[in-house]
Amino acid sequence: MSRANAIVPEPIARQPWGMLVPLIALVLFGAAVLFSAAGGSMDPFASSHLIRFCVFLVMAAIIASLPREFVKFMTYPAYIGVLALLVAVEVIGQVGGGSQRWIDFGFMVLQPSELMKPVIVLVLARFYASLPVGLISDWRALVIPGGLILLPVAFVLLQPDLGTSLAIAFGGAVVMLLAGLPMRWFVGGGVLAAIAAPLAFFFALQDYQQRRVMTMFDPESDPLGAGYHIAQSKIAIGSGGIVGKGFNEGSQSHLQYLPEPHTDFVFATMAEEWGLIGGIFVIGIFAIILRWGTKVALASQDRFSSLVAAGMVATIFFYIAVNLMMVMGMAPVVGIPLPFMSHGGSSMMTNMICIGALMMVNRWNRNAPRGGLSH
Amino acid sequence: MAKSRRSQPPVTASTLKNTFDRRSMVIGSIMGGVGVLLAGRMGYLAIAENEKYRVESESNRVNLTLIPPRRGWILDRNGAPLASNRADFRVDLIPERLKDADATIDQLGELLSLNATRVADLKQRVSEVSGFQPVEVAKGLNYDQFAALSVRLPDLQGVVPQRGFSRFYPTGPSVGHLIGYVGPANAEEYDEEERNPLLITPGYKIGKDGLERQFEQELRGEAGARRVEVTASGRIIRDLDTREDVQGDPVRLTIDGPLQDYAARRIGLESGSVVVMDCATGDLLCMASMPSFDPNSFSDGIGSVEYAMLREDARVPLRNKVLKGLYPPGSTVKPMHCMAFLKEGISPDEAITCAGGRRIGNRFFNCWSNHGRVDMAKAIYQSCDSYFYHFAQQIGFDKVADMAKLTGMGEEFPLPVTSQFYGTVPNASWKINKFDRAWEPFDTVNASIGQGYYLANPLQLAVSAARLATGRHVMPRLTMDVAPKGFDQVDFPDDHVRYVRQAMSDVVNGPGTAGRGRLPFADIKMAGKTGTAQVVSLSVSDGRTGPWKFRDHGLFTFFAPFDNPRYAGAVVIEHGGGSGAAYPIARDVMTFMFDAQKGLEKLNALEKQWGGTAQQRLDARYAAYAAERGEQVVTAPRRDEDIFDQVEAEARVDATQSEAIADDAIAPRADPAAVGTPPPGAITGDPATDPSASPSPNSSATAPPSAAPEPAQ
Numbered sequence: 016m017s018r019a020n021a022i023v024p025e026p027i028a029r030q031p032w033g034m035l036v037p038l039i040a041l042v043l044f045g046a047a048v049l050f051s052a053a054g055g056s057m058d059p060f061a062s063s064h065l066i067r068f069c070v071f072l073v074m075a076a077i078i079a080s081l082p083r084e085f086v087k088f089m090t091y092p093a094y095i096g097v098l099a100l101l102v103a104v105e106v107i108g109q110v111g112g113g114s115q116r117w118i119d120f121g122f123m124v125l126q127p128s129e130l131m132k133p134v135i136v137l138v139l140a141r142f143y144a145s146l147p148v149g150l151i152s153d154w155r156a157l158v159i160p161g162g163l164i165l166l167p168v169a170f171v172l173l174q175p176d177l178g179t180s181l182a183i184a185f186g187g188a189v190v191m192l193l194a195g196l197p198m199r200w201f202v203g204g205g206v207l208a209a210i211a212a213p214l215a216f217f218f219a220l221q222d223y224q225q226r227r228v229m230t231m232f233d234p235e236s237d238p239l240g241a242g243y244h245i246a247q248s249k250i251a252i253g254s255g256g257i258v259g260k261g262f263n264e265g266s267q268s269h270l271q272y273l274p275e276p277h278t279d280f281v282f283a284t285m286a287e288e289w290g291l292i293g294g295i296f297v298i299g300i301f302a303i304i305l306r307w308g309t310k311v312a313l314a315s316q317d318r319f320s321s322l323v324a325a326g327m328v329a330t331i332f333f334y335i336a337v338n339l340m341m342v343m344g345m346a347p348v349v350g351i352p353l354p355f356m357s358h359g360g361s362s363m364m365t366n367m368i369c370i371g372a373l374m375m376v377n378r379w380n381r382n383a384p385r386g387g388l389s390h
Numbered sequence: 074m075a076k077s078r079r080s081q082p083p084v085t086a087s088t089l090k091n092t093f094d095r096r097s098m099v100i101g102s103i104m105g106g107v108g109v110l111l112a113g114r115m116g117y118l119a120i121a122e123n124e125k126y127r128v129e130s131e132s133n134r135v136n137l138t139l140i141p142p143r144r145g146w147i148l149d150r151n152g153a154p155l156a157s158n159r160a161d162f163r164v165d166l167i168p169e170r171l172k173d174a175d176a177t178i179d180q181l182g183e184l185l186s187l188n189a190t191r192v193a194d195l196k197q198r199v200s201e202v203s204g205f206q207p208v209e210v211a212k213g214l215n216y217d218q219f220a221a222l223s224v225r226l227p228d229l230q231g232v233v234p235q236r237g238f239s240r241f242y243p244t245g246p247s248v249g250h251l252i253g254y255v256g257p258a259n260a261e262e263y264d265e266e267e268r269n270p271l272l273i274t275p276g277y278k279i280g281k282d283g284l285e286r287q288f289e290q291e292l293r294g295e296a297g298a299r300r301v302e303v304t305a306s307g308r309i310i311r312d313l314d315t316r317e318d319v320q321g322d323p324v325r326l327t328i329d330g331p332l333q334d335y336a337a338r339r340i341g342l343e344s345g346s347v348v349v350m351d352c353a354t355g356d357l358l359c360m361a362s363m364p365s366f367d368p369n370s371f372s373d374g375i376g377s378v379e380y381a382m383l384r385e386d387a388r389v390p391l392r393n394k395v396l397k398g399l400y401p402p403g404s405t406v407k408p409m410h411c412m413a414f415l416k417e418g419i420s421p422d423e424a425i426t427c428a429g430g431r432r433i434g435n436r437f438f439n440c441w442s443n444h445g446r447v448d449m450a451k452a453i454y455q456s457c458d459s460y461f462y463h464f465a466q467q468i469g470f471d472k473v474a475d476m477a478k479l480t481g482m483g484e485e486f487p488l489p490v491t492s493q494f495y496g497t498v499p500n501a502s503w504k505i506n507k508f509d510r511a512w513e514p515f516d517t518v519n520a521s522i523g524q525g526y527y528l529a530n531p532l533q534l535a536v537s538a539a540r541l542a543t544g545r546h547v548m549p550r551l552t553m554d555v556a557p558k559g560f561d562q563v564d565f566p567d568d569h570v571r572y573v574r575q576a577m578s579d580v581v582n583g584p585g586t587a588g589r590g591r592l593p594f595a596d597i598k599m600a601g602k603t604g605t606a607q608v609v610s611l612s613v614s615d616g617r618t619g620p621w622k623f624r625d626h627g628l629f630t631f632f633a634p635f636d637n638p639r640y641a642g643a644v645v646i647e648h649g650g651g652s653g654a655a656y657p658i659a660r661d662v663m664t665f666m667f668d669a670q671k672g673l674e675k676l677n678a679l680e681k682q683w684g685g686t687a688q689q690r691l692d693a694r695y696a697a698y699a700a701e702r703g704e705q706v707v708t709a710p711r712r713d714e715d716i717f718d719q720v721e722a723e724a725r726v727d728a729t730q731s732e733a734i735a736d737d738a739i740a741p742r743a744d745p746a747a748v749g750t751p752p753p754g755a756i757t758g759d760p761a762t763d764p765s766a767s768p769s770p771n772s773s774a775t776a777p778p779s780a781a782p783e784p785a786q
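As you go down the protein sequences, you meet chains E and W in turn. Going from the first sequence to the working numbering is simple: count from 1 and add 15. Going from the second sequence to the working numbering is simple: count from 1 and add 73.
Calculated from the structure, these hints are not laboratory results. All values derive from a computational prediction rather than experimental measurement. Even glycine gets a Cβ: it sits at the ideal position worked out from N, Cα and C. Mixed in with the good hints there might be a few duds.
Claimed, not checked - Restricting the straight-line Cα-Cα distance to at most 30 Å, the calculated cross-link-like pairs of lysine-lysine (BS3-like) are:
| hint | chain 1 | residue 1 | chain 2 | residue 2 |
| --- | --- | --- | --- | --- |
| 1 | W | 90 | E | 87 |
| 2 | W | 675 | W | 478 |
| 3 | W | 416 | W | 558 |
| 4 | W | 675 | W | 622 |
| 5 | W | 416 | W | 478 |
| 6 | E | 310 | W | 90 |
Said to hold, decoys possible - A few chain W positions that, by computed beta-carbon distances, are all more than 12 Å from chain E:
| hint | residue |
| --- | --- |
| 7 | 103 |
| 8 | 179 |
| 9 | 426 |
| 10 | 504 |
Unchecked claim - Distance ranges between label pairs, derived from CB positions:
| hint | chain 1 | residue 1 | chain 2 | residue 2 | range |
| --- | --- | --- | --- | --- | --- |
| 11 | W | 135 | E | 202 | 47 to 55 Å |
| 12 | E | 271 | W | 261 | 36 to 44 Å |
| 13 | E | 95 | W | 309 | 54 to 62 Å |
| 14 | W | 701 | E | 271 | 52 to 60 Å |
| 15 | E | 202 | W | 136 | 51 to 59 Å |
| 16 | W | 261 | E | 221 | 28 to 36 Å |
| 17 | E | 258 | W | 225 | 23 to 31 Å |
| 18 | W | 127 | E | 59 | 24 to 32 Å |
One chain only, chain E, in its complex shape:
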C-alpha cells in the first residue's frame, strides 16, 4: 500500500488489502460452511452471516475514519455508558425474574458485555497514555486499571458468562502488560492465580461449569453428558482426515451429532468437510490478520495507538485460541464463538469493532509523521 497506482483511486488503494482480502476470503469460507450447516441452504445462517459482515464492514470503515482526539475524548464516556448498560441488564434481569445477557432495543438486540471487550482495551490504553511515564511502577498504575477491569468482569460474571468475563480480563491484562508494568507484578499475579484457581474451581464455579472443566480432562468418561460435545467435535475433526468428506457431505453436522454446528463448533463442521487443508487455511488466515494487527501496533508512534492496536489483536486472538482449543478437546466448553466464521451478530460486531479500530490506528500511523511527538 505504498505509492498510489494510476488506475486504482488513492482512497481505495490505501486500504490495508493485505488484511482485508484474507478476511473477506475467510468470511466467504465461513458462509460456505454455514451453508452446509443449514443442510445445504443459504437460510438461515449463511445469508445473514454475509449481510452482517457487510453491515459491520461499513461500521468498521466508519470507525477507521474517526480522528484520534475524538476517540480519546469519547473513551471514558463510552466506558461509563457500556458499564451502565451492564448494570441495566442486571437490573432488568432481576426485575424480570431471571438472568439475561442482552437488552432488546426493538430494532436490535444488544449484548453489552460484547461491547465491553473493545471498550476495556480503549479505556486502559487511554489511562496508560495519560499516565505520567514515571508513575508506571507506582501502585496507582496497577490499582486503578485493575478496578476498571474488575468492575465490568464482576457484572458479566453475575450474568453468568464465564467466557466473556475471561475475554474482558484477558484483553485488559494484555494492555497492562504491554503498558510496561513491572514484570514481578505479573509473576506474582500468576502465582496468586495458580493458588486461586483450584479454590475458584471448587467454590466459585457453577456445577455445570465444574463438570465442563472435568470433562476436558477425560471426555470419554461421560460420553452422553458433558463430554458429548467435545467427543462429537473430535470425531468430526478426526474423521475429516486430510481432505475432508467433501462440501455438504459432513455426517456429524448434518445428522445433528455435532452440537451447535453453526456457532461454537463451526470449526468442527468445517474440518469434517474440508479436512486438515481447510483447518490450515483458517488458521493461516487468522495468523495473517493477527500478524497485520501486531505490525500496526508496532508501527504506532504514540502509546495510546499502540496499546489500542495490541489490545484489539489480543481480544481477537483470545476468541480464536479458546474456541479452537475447545473444539479440539484442549479446553473446557465455555461458549466462545470463532471470529468471522461462527454465526452470530454479537461476536461479529465485537470482532469487526476490533478490526475497525486496527484500521483506524493504521490510518493514524500513515498520517502521523514517523518519529513524531508522543502525547
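Add chain W to chain E, keeping to what the hints say.
Just chain W now, kept in the frame of chain E:
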C-alpha cells in the same frame, strides 16, 4: 526489571516503548506458538487418529438393525401347517431405555386399551428382566392402534412398534404339548449363545418348549439386516441397504394334523392322552395330551391369571401326559405277558380254573370276577387275573419283565422331544436296588396284571401295541426325515402274533371287556385291550366315585384292522374311573381315521354337550376365571422354564401315587371297564360349578353308564 530495580534509571517514554516492543514480540511469539500448537493438534486428530474417528463417525451415522428371520413352519405329514407365521403389528418395550417405566406402561395401557391385569403383569415383568431383554406388550394390533402409537413415539422412549411376524398355531391347545411354544430369549439363553444380538432383537422369539425348542436351530433361519442412516435423536434419514432374512427350514412331522386335533378334542372334559402310530412305518400320527394350554397366548409370556388358572387345575394342563404321564399299565400288559408265556413254551390251550381268584404259594389272590375255566384267549378277552397270577408265577416274573421291556415298557425312544419319562418294569433286582427288599409272591401277582410298581407312559403303551400287532420291533418316529426302523427285527413268531391278535379282537368284537368299542364298519375290526389302573386301595375308594384323585385310571391299547394292522395306539384317561372312559375314545379316533365324516359327527354331538371345542372351552374358562379371580392371583414364576421344571417335578411325584399300594397285593376292582365322571373344575365356563350338577359323559350316548354291568361272558 532487575536492572531497573538496582540502578533505578529514570523511566522514560523510550524505555516504555522498548518494553512495549519487547513484550509485544513475546506475545506475538506466544500467539504464533499457540497457532502452531493448534495446527499440530489438528494434524494429529486428522491424520494419526483419522482411522479411529472415521470409524466412530460411521458408527454414529449408520445404524444396523437385524431383521428377525421368519421361523420355519412345522408341518404335519401332509404338509399342512401345525405352526406357521402371521404378519402383524406388534409393540415391545426395551426396559433399559424406559425413562419412567410405570408411566409409560400406563400410557400404553390406555392407548392399546389393555386390561388391568395385563398392565400389572407388564410392570412386574419390566422390573424383573435384565435391561436388554425386550418385553412384548401386545401383538396383533390393528392398523389404527399401531398408527396412534407411532404418532406418540417421541414421548414414549423405549417403546418399539414394528411390523413383524408372530407364530401362529392354527389348532391351538391341540398341539400345545407336542409343539411347545415360542417366547423371547432369557438372560441364560442369551449368554449360552455367546450373546447373539439376534436374541435380543425386539420381536424375536425362540422355541421354549416341545418341538419348537428341539428344532430351534433348523427353524431359526438367518437374520436379515437393515443399514439405515440415523440422526443423533434416532430419526431414520434413509435406508442404505437391506439384506433379506432367510426363512428357517420347515420341519415335517409324522403327525396327522386333523387326527391330532380330533383326538385332542375327543378327550373332551377328561384329562388324558391319545397316541396313534402307523404300523407300517412307526410314524407317530397323533400325540394328543389334554387339557392343554394355548401356545398362541404363551408367546408373549405366560400371564399371571392364565398361569394361576392352569396351576389350579387338577388336570395339570401344563404337563405333556404322552411323555410325562406315568401310569400303572394295568391289564393292558396282559397280551404281552402272554407273549412271554408263549415264548416259554406254554400252550395257548393250557387252561386253569379261576375260582374268583387263585392260590399262589400259601395265599389266595382275588380275581375281579369268577371266570371258571380260562385258557389264554379267554384270559385276554375276559382279562382274567388268575391266569396271569398263575403263569407269571410259573415262569418267573423276570422272564415276563424281559418280554415287557422288549415290547417297549421302560424304554426311552430316540425321539426329538425335550424329555420323556420311561417308567418302571419291576423285577427282583430292581426292587432290591430301590427299596432294599426282596421280591415277594405278591409282587409277582401285582406285576403280572400291570399293577404294583409297574409304570408306563402312553407312548410306550402305543409302541407295545404296534409291536404286538406287527410282531416287529417297530420304532416310533416323529419326523419324516428319519428312516423307519425296527421292521427287520422280528420280535414274535407269526403264529403267536395271530393268536394274540384274535384274542385282542375278541376283547372288542367278541365276548370281551370292551364290547361297546366296536367300530361302525362292517369290514374293519379293531382289536384292543382294556386296562384299569388302581391308584389307591379298595378300602379308600371304589375307583369310580368319590374324590377324583382316587379314581382308577382308564387305559386302552388298540390296533386296527385287527387282521392286518395299519394303526396302533393307546388311550389313557387319568382317573377316568376305569377303562370304560378310555376305549370309546379309541373307537371314535379309529372311526375318524377310517371315515372322517362319521368321526366328526360323533364329536360334534359330544362337543355340544361339553360346551364347545377345546379351544372355545379354554377361552370361556379363562374369561370366567379372570372375571372371578383376576384380582388375587399368585404371580407366575419369573421364567417360563421354572414353570415347566415345576410341572415336571410334580409329574414325578404324581407317578409314585400308585406305589403306595404296591406294598401288598392289589385287590382288583369288580368292574374293569367301568367309567367315572370327569374331574371337578373340568366344566367349561363356570369354574364354581358343583361337579355333581355338571353334565357327565355318562349321559352321553357313546359312553356306557358307569354302573352298567358289562356283557356277561
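- Item | Enumerated hints in conflict with the structure, sorted upward | 2, 7, 16 and 17
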